[in-house]
Structures are given as structure tokens and as C-alpha cells.
Amino acid sequence: MNFITNMFDRLEPTFSEGGRLSALHSLYDGFKSFMLIPNDTAKAGGVHIHDVNDSKRTMIMVVVALVPCMLFGMWNAGYQHFNAIGVEAGFWMQFAFGLLAVLPILIVSYVVGLAIEFTVAQWKKEEIQEGFLVTGFIIPLIVPIDTPLWMIAVATAFAVVFAKEVFGGTGYNIFNVALVTRAFLFFSYPSKMSGDKVWVRTRDAFWWQGGEAVDGFTGATPLGQVATATGGEVQLHDTLGNDLSFMDAFIGWIPGSVGETSTICILIGAALLLFAGVASWKTMLSVFVGGALTAMAFNAWGPQDNAAAMLPWYMHLVLGGFAFGAVFMATDPVTSARTETGKWIYGLLIGVLAIVIRVLNPGYAEGMMLAILLMNIFGCLIDWCVIESNIKRRMKRSKL
Amino acid sequence: MQAESAVSIVEKEISNIYLIMNTIKIRRGLDIKIGGKAKESIYGTVLSKTIGIVPDDYVGFTPKIAVKEGDEVKVGSTILYDKNHPSVKVLSPVAGRVKSVERGERRKLEKVVIERGDGHEQYEELPRLEAMSDPEETAKALAELGFATLMRQRPYDIVVNPEVLPRAIFVSAFDSAPLAADYDFVLKDRINDIQAGLKVLAKIAKVYYSVRKDTFEGLKRMSGVTVSEFDGPHPAGNVGVQINHIAPVNKGETVWTVGMMTVAMIGHYAVAGELEMKNTIAVAGPMVKEPRYVEAYFGTEIGTILKDNVIEDEHVRIINGNVLTGRQASVEDYLSPMANCVNVIAEGDHEDELFGWMRPRFRKYSASRLYCSWILEKICPKMTFKFDARMLGSERAFIMSGEYDKVFPMDILPEPLVKAMIAKNIDRMEQLGAYEVAPEDFALCEFVCTSKIQTQKIVREALDYLRKEVE
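Here the protein sequences line up with chains A and B, keeping their order. If you number the first sequence the way the working numbering does, the last residue is 400 and the count never jumps. If you number the second sequence the way the working numbering does, the last residue is 1471 and the count never jumps.
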């Protein structure tokens, strides 16, 4: 304990202004506050005691809530891989393969994002902020397993610089940074972000366990199948042609972006976030309600020959990124509506829009990303309306 | 003619009957469980050699000094008066001699120190309150008696201006802040003074008197005022919250807020003709050896109040007032007349917690469930948590939303208001309720803030700015 304190005390001059390594001050500072809770005390003019909660703990809680999705996603990547190449593999082997496939994406996302954060912090002479802890963890979860690493790097850099730092950093961004990463990938490299080839890895991971896809393999995700179906109701199937049920999608052993397939793991994360009070239950619930109601409406009155409209409403909620978006992306407090009433409207509209895009826009199999990004813009507008109504009520009061 | 007078008699009778108009349940808020609550015993009167009058205690007051070094003063002699409203005065709480007048940068008056005499305390010619009935006359008399500097007005939460009569006067009969003095105990023998004080205030404007649900009957049973009952966690006792629920302040209106100790002082002067500028204060906090109550004159040296009663095995922080709204002080500072307690907590600046943000932290308090302290709180609701003066995190931009709403029980949107205040957007501040709030109303917001934003400071600066621009 003392040893660590002494070490930092000794290093302080080297990294401070005028020191030999002052160019790395933000790095040193970030590392120090990572290890030791800063012991600055309350300043004049404010409260003298504080809640022990801070943004580090809050962010780390979100990461913890994402861990079940990450672990399941890793296993599922291996499971899908071995199924596709027709090799029998046990649980640990599947997990090991998935780990090797996903870890590089995680590392690239963190290294690129944090490097930019540290540089900007050093340049602006500010403290490192923790926002990217969560963003960097989400990025690997919302991309297809076969996305090339250089694309991840480019997209992450773009998102961190243009969706966050130019607005002023954590807390000032309008768009969810992880979603901007995904949108950048989606629109810049469409062939790598959609279609049948990217969701299941058939090639090796670090020269290990490569193979050729077996006969009859199709790598389309369930939503991909829905989007390309020509008839009304569609029977979903897995990569080898077996039928897929609601339970399969709920558990999540289906192809899709790394962390978004397992609704059950997402719900575990949701429970943790809601219990700790980090995410808003209002937003979360209203996304599901909005999505369910819209899908029900399409089921009842939608065009009979549209497969997405005819997909049962409960399937909409467990397929694709709907649940993941509702739990981890719509609830991002910075980009979401911030007033309590606003959260209901914001969530509801995300749910509605996501299903509308899925059903009515054949170009995009998945509507969640666009729905949330679109609502990110309208979040402020919703807040503005809520605030105006509060103001109107006050004005009325003063006239009485 | 006769019928008319009969009606007015009945009206008078009704106003004299003790009536709880309504019980208001406050749901949003937080009772912070900090140890070291004062025990219900009064240790006696603390007398220090010198008494200090500090203009900073009187927000919105532009001090002009009325005495010179070496002057003899009596209890009730004018020490300071307001440059803009000369009838607003700060009087000497004791008899003695002006020892020094200390000025800081740009000749800012910092304090006036009075050496206490041998206790032969004499009174100057001061206005009497009993015979007065005119509101303006009464307000002016209260200012002459030094009570205006002890009362606050909204908007702006500043010392009252007796020339602008208020729409109403609000008195909160309980302080729900952590470690604050319990008026049920402190004022249990001063019910007559309270009643008399409320009567004087009622001459100026309608008085709203708010009690806690479990305030004892004697203190609840006040006549001539509108009594409301409040139930719920802190800040239920904050007068700002009570105003917002009873009769909110609109643009262009002024209301006064008066503390219970001041009401008792006014009442005592009205009844006995004796000006007693003394408070019963709670000496409390985790670093106090024996938390208890003491009586002290305004401006008593804090060192004397805390003498031999502080646990000194680590660096401590002394607070002139309570842990949420008080001012940091040292033993050389003087007791603020606005404080009903002196709190002592650990400074904590030597504590280095390795990976603190990853630890379970059972004994550290969080209103959220992000740490494990909520488990202990569930198991034994009476337990207290460890607090020190650390920020426990670094300042960030607004990240979490809805945090402030949970501890801000008013019909005001706290976050938009604070943002408008940061932006110094006057129209927006007005629209969102800046005239209704005081910094203390935001103390809990600041306590729970994940981003460690100094909300009270923002509010204080914004109110000062607003006042400068609007007036």
C-alpha cells in the first residue's frame, strides 16, 4: 500500500510539467487515478461529504453487465465455427476458438480508442475520462465476427474523434459512440457488415482450427433470412438448415453479431444495470413495449407478403440487436433523453422505429442501430418539449 | 355594522385555532446516515474571549462599518450596516471593546473582532416591538434590531430588504439535514418565545409554519399562522421545499424565510425586551468525542466550542454549519449566526485507497446500489457509514441523468435549471424556477452527483449574477 503511494510520489515530478516525461502526464494521471482513489477533498462552497459513487464505478458496472454477453458471444462464435466446418468440438474448445477470434477485436478497439482519448486528454490538458471503457467493450459485441481488424480500427478512430472528441468528450456527445462505429462500418464496408459470409467464421483463428464450410451451410442470420424471404411467413433455420425456435433465439445459439444473440445474457445484464440503478428502467421497458406493439400491429394489419411484417412479435424482440440495443444502447444516459417523462417517449419511439425499419425497409435487415441513432438526434428535442411543458405549467401558476 | 364585526370576530377566532392545514408527504430525498449525532444534553454556555463578526455570513449584504478599533460596544450596538439599506444592521452580541477590524484584498472587510467585557452587558436604546402593528414599521424595527440580517428572502436567498414587504413569511420548525440541531429538543422550553416571535412576523405578512409529522405537540400548536405538516426524508425540512409545496414563489414576488432560532430570539425580545444573540448549537460529527449541545453567542470562537472535544488522531475538517451546507472553518474562525451546528469530520486527505472503485466498500455510503453498503443498510437500518471530506472521484461533465430528480422534491427540473445557471441564461433560469431556489436546496444533488459537479456553488454564483442583472 505504502509502497504504491511512495512510487507515485517519486514519479510525480518526472511526469509533471517541466519533468522529463511531461508529455505522458495524462497517461500517468489516468494510471494513478485508476490505482488510487484521488484524495482531493471537498472544495469551498459545496457539500463536505460525498456519495462514494463516481463515474469510474458507474462505467465499470456497465462493463460487468456486459460480461455475460461477451462470454456467451465468445462461446457462440466457436460453436458456430465448429458447426460450420463440421468438426466435433467440446465446450472449452469452442470457447477457446471464440476467445481467439474475439479478443483481437476487443484489443484493437481498446487500443485505438484509448490512444485517441489519452492523446486528446494530454493535448487539452485534461484528465482522462472513463467513457471509452464501456464503448471499447461494446464495439466487439456489435460487429460480425469476421470484420477485418483494420476496419475496426478505422471505424473506432472515426467514431471517437468525430462523434465524441469534436463535441467535447465524454458527456457532450450527441450520438452513441459505439453505434457510430457500427454505422461507419455498415455504410463504408457494406459487404463486410451484411450478407451471408461474415456472421460465422469458417477460417482459422491464429492459424488454429481452420476449415471449409460443410455442404448445405448458409451463414445468414435469422433476420437476414427474413429480409430475403419472398413469401409471407418464413420458417427460420440455423446454419445447417435445422429449424430455429423462439427458445433457440432466446438462448442465443444463432449466428449474429458477437454479443447480441443471447437474449438471456442481455437480460442478466439488464437486471444488473437496473438493480444498480445505472440504466433507466423507463427507457428499457418502453423500447420493448414500443417494439412489441408495433410488431403486433404489423402482425395484425401488415402486408401479408412481407416476411418481416408476418414474423411473430415476440421473435422480433429476441432476434438481431433489438434486446441488446434496448438494454445497453438506448439507455446510454448521455445520448438518451434526460428528463424522466422524456425517457418514456424516447424509448417508445426507438422500439417503434426499429420495427418499422425492419419491416418496411428491405435494404436494412436490422433497424435497431438506425432507430437509436435517429432518436439520439431527437432526444434533445423530446427533452426540450418536456422542459417547455414544465415552464408552461409554471407560467400558468404565476398568472393565477 | 354589527354583523360585520361579528364576522371579523369569528375570523379572528378561526385564525387563533390551531389547525394543521394539510400533511405533505415528501417522497424524494435522502437521509444520510452519518455518525456522531448530538446527544440530548446541553453542556452549558460557551464563552470565548473574543467574538467575531464576519460579513460573509450575511449573503447579499454590503457591509459598512459603524465602529472603530478601540470603541466600547454594548449588546445591541450597531457594528455593521448595509451600504444600500442603512437600516439593515448587524448588532454586537456582547458588550466589550472592538479589538480589531480586519480587511483582506482590495480592502474587503473580513471580520470585526470584539473583546468581551466583564459580562456587565448593557443595552442600547432599541425599538420595542409590542405596540407595533403596521407591517412597514415592524419590518423596519426588525432590521434595526439586527434580525433582518438573520432572515433570508427569496428570490436570491439573501439578507432581507425591509423596504420590500414580502408576500408571505415561511418558517420551518425542523431541520432535516444530517447532524443538524433538533429543534424539538433545543426549543422545548421556549414555546412562548416562538409563539411571540411568530406573532411579530404575522404583523408583516401571512406566516406559514411547517412542522414535522412527529414534532411534539407544544411546538406544533401555534396560533395566528398557517401550520403545515411535512413527512419524509431530508430535504423535507428545507424551507425552499416547503415553499414550493405550499405557495411557490413566482416572478416579481418576494417571500422571507426565517429560522427557528431567529423566531425564538424575536419572540424573546418582544416578551422580555432582552436581546439575546445566542444559539443552542449541536456539536456533532464522527470526529467529535462527545457529541452534545452547547449554547454560544453569535461569533463565538470555534476553538472554544470544540475545546477538548475533538478526536485528534487524524487530520480533521471543522464545518461551520452542517456537513451539506456549512462552511469549512478552523479553530480560529467564529461561529456563524446562521449555523445551528458545528460538525467535525475526518479530512481523509492522507487516505489512499488502492483500486477503491473496484472494492465492495461496505462501510462507505452510496445512495445507489453500485457498492455493497446497501446490503448492510438493509440488514441494520440504524447503522451509520464512514464519511470523510474526500470528493471520492473527479469532476466530469453531466453523465448520469435522473440522479438529481431523486433527491429534489420540488416542481422544478433540477438538471435543466443547473445547466441554465452554468450557461448564465437569464430567461431560462427565470422560467425554470431560479427565483424559488437557494443553494441549500441543491446540497443533496451535489452529494449524490456521479460527476461530482459543484451544484451549490453554481447556484450561488448564478443567483448573484441574476440579481446583478435584474436589479
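It is worth saying that the hints were derived from the structure and are not from the lab. All of these numbers come straight from a predicted model, not from anything done at the bench. The beta-carbon is built from N, C-alpha and C at its ideal position, and this holds for glycine as well. Check before you lean on any hint, since a few could be wrong.
[Unchecked claim] Computed cross-link-like contacts, BS3-like style, restricted to lysine-lysine with a CA-CA straight-line distance of at most 30 Å:
1) B:K1468 x A:K396
2) A:K43 x B:K1033
3) A:K125 x B:K1457
4) A:K124 x B:K1419
5) B:K1037 x A:K43
6) B:K1419 x A:K125
[Claimed, not checked] From chain A, some residues computed to sit far from chain B (all C-beta separations above 10 Å):
7) I4
8) Y28
9) P38
10) N39
11) H48
12) I49
13) E88
14) M93
15) T119
16) Q122
17) G168
18) G169
19) E340
20) I391
Worksheet item: For which of the previously enumerated hints does the structure constitute a violation, in increasing order of number?
Response: 7, 9, 10, 11, 12, 17, 18, 19 and 20
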